[in-house]
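Protein chains: 2
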Amino acid sequence: MSNKAKPTSKGLLIVVSAPAGCGKDTILGCVRDSCRNLHYSVSATTRQIREGEEEGVHYFFKTHEEFEELIKNDKLLEFTEYAGNYYGTPKDFIPKMLEAGKDVVLKIEVEGAANIRRIFPDCVLVFILPPSFDELERRLKKRGSETEETIKKRVNIAETEMSYVKSYDYIIINENLEKATEDFKAVIRAEKLSVKRGTPVID
Amino acid sequence: MSNKAKPTSKGLLIVVSAPAGCGKDTILGCVRDSCRNLHYSVSATTRQIREGEEEGVHYFFKTHEEFEELIKNDKLLEFTEYAGNYYGTPKDFIPKMLEAGKDVVLKIEVEGAANIRRIFPDCVLVFILPPSFDELERRLKKRGSETEETIKKRVNIAETEMSYVKSYDYIIINENLEKATEDFKAVIRAEKLSVKRGTPVID
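Protein chains in written order, with this note's numbering: chain A, 60 to 262; chain B, 60 to 262.
Quick caveat, the hints were computed from the structure, so don't treat them as lab data. Hints should not be assumed to be uniformly reliable.
Derived EDC-like pairs: lysine to aspartate or glutamate, alpha-carbon spacing no greater than 16 Å straight-line [claimed, not checked]:
id: 1; chain 1: A; residue 1: LYS255; chain 2: B; residue 2: ASP228
id: 2; chain 1: A; residue 1: LYS211; chain 2: A; residue 2: GLU196
id: 3; chain 1: B; residue 1: LYS251; chain 2: A; residue 2: GLU208
id: 4; chain 1: A; residue 1: LYS211; chain 2: A; residue 2: ASP228
id: 5; chain 1: B; residue 1: LYS121; chain 2: B; residue 2: GLU140
id: 6; chain 1: A; residue 1: LYS244; chain 2: B; residue 2: GLU140
id: 7; chain 1: B; residue 1: LYS251; chain 2: A; residue 2: GLU168
id: 8; chain 1: A; residue 1: LYS251; chain 2: B; residue 2: ASP228
id: 9; chain 1: B; residue 1: LYS244; chain 2: A; residue 2: ASP193
id: 10; chain 1: B; residue 1: LYS255; chain 2: A; residue 2: ASP228
id: 11; chain 1: A; residue 1: LYS225; chain 2: A; residue 2: ASP151
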């Protein structure tokens with residue numbers, strides 16, 4: 060019998076939602092740099108690729124027809140429509156990683172997150188918020204990748220999404236990138252110490 | 060109307076239990092050094108003062124008669140007997156600090172912790188464990204402040220206390236002081252982001 064405390068071995072699934080323009084990808088990039096055992100689930104989407112984005116890294120970019128083929132062939136864990144585009148989670152990646160004791164981060168919008176919670180009740184739901192809606196609009200405009208109309212639509216969606224916040228576990232306000240990154244890392248670290256994920260065995 | 064996200068204002072009560080010899084006080088000392096907004100509730104006890112301990116810092120040291128006077132005069136939030144000594148929590152400090160938005164750390168044994176949870180259902184319960192019971196015995200012997208018999212009693216109590224672990228929120232294994240301190244700080248940081256403590260208002 061080992062003389063060491065044994066941590067629980069199953070991986071942690073961290074589900075992250077954020078209105079567009081909240082800096083979610085920047086935060087996750089910083090977290091990724093310092094937590095090498097985190098694995099990112101890549102979603103499929105029909106939305107247009109943006110400057111700096113890479114196929115298979117940020118998303119698997121699909122046409123509407125290709126996406127509907129994925130649905131038809133049961134290749135998605137869940138999917139949803141958001142701002143006129145499909146977003147979906149590939150079927151095999153997450154359960155395989157969790158079983159192997161690896162932690163997985165999944166970026167997903169609010170309805171997708173609710174679906175994932177039903178499939179993985181132990182997942183941790185994190186919502187990233189901007190310090191204010193005015194600031195969110197400023198950030199979206201600065202990004203310059205979308206039309207005025209899309210920006211208005213995104214801010215409206217963000218306001219609607221606020222009603223989902225209560226079903227999340229943690230809220231991180233991205234006023235300062237360094238602080239928000241540390242917040243995110245603290246959530247992962249604390250969740251791994253949580254008794255509800257199993258108690259270690261002390262001999 | 061302010062344009063900033065407003066965090067919730069009530070303080071966090073962190074209740075810490077650990078078998079004697081787990082390094083609880085060393086960890087808390089390190090946490091105190093880097094979290095200046097943490098306030099420590101000082102318990103009253105009838106146990107003997109140890110080398111390096113200070114009246115009013117580590118405990119309020121009382122005789123049995125003095126302690127029973129505190130009980131009689133309703134000056135304690137809760138009290139319990141442990142390893143032949145009384146331990147109790149002074150009445151006013153915690154609620155006053157929490158209402159003022161300050162975070163409070165309370166060191167207390169397992170039965171006391173259960174009492175505190177009944178009084179403050181929102182408190183966070185943290186259990187600190189040694190990497191093994193053999194290691195715990197070694198640490199207690201190294202401390203040199205107690206007799207062989209007391210050490211045996213303490214190790215037995217520690218084994219019994221393991222059955223309480225499941226009613227705690229977090230377990231920190233103190234195999235490495237720096238890691239255990241970072242764990243403790245992550246728990247505090249994450250709990251402050253928890254949606255169950257209230258959602259911020261975004262304008």
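Right, here's what the structure says about each hint:
Distance restraint check for LYS255/A and ASP228/B: the Cα-Cα separation of roughly 7 Å lies within the 16 Å cut-off, and the hinted pair is therefore satisfied. Proposed proximity of LYS211/A and GLU196/A is supported: the alpha carbons are some 8 Å apart, at most 16 Å. Distance hint between LYS251/B and GLU208/A is unfulfilled; the C-alpha atoms sit about 36 Å from each other, more than 16 Å. Note on LYS211/A and ASP228/A: the hinted pairing is violated, with a Cα-Cα distance of about 28 Å set against a maximum of 16 Å.
For the given pair, LYS121/B sits about 14 Å from GLU140/B by alpha-carbon distance, which is consistent with the 16 Å threshold. The hinted pair formed by LYS244/A and GLU140/B fails the criterion: a straight-line CA distance of about 39 Å is larger than 16 Å. For a cut-off of 16 Å, the pair hint linking LYS251/B to GLU168/A is broken: about 23 Å separates their Cα positions. Taken as a hint, the LYS251/A and ASP228/B pair is honoured in the structure, with Cα atoms around 11 Å apart against an allowance of 16 Å.
For a cut-off of 16 Å, the pair hint linking LYS244/B to ASP193/A is broken: about 32 Å separates their Cα positions. Of the pairs offered as hints, the one joining LYS255/B and ASP228/A holds, with about 7 Å between alpha carbons and a cut-off of 16 Å not exceeded. Annotation: proposed proximity of LYS225/A to ASP151/A is violated, straight-line Cα distance about 29 Å (limit 16 Å).
Consistency note: the structure conflicts with the earlier hints numbered 3, 4, 6, 7, 9 and 11.
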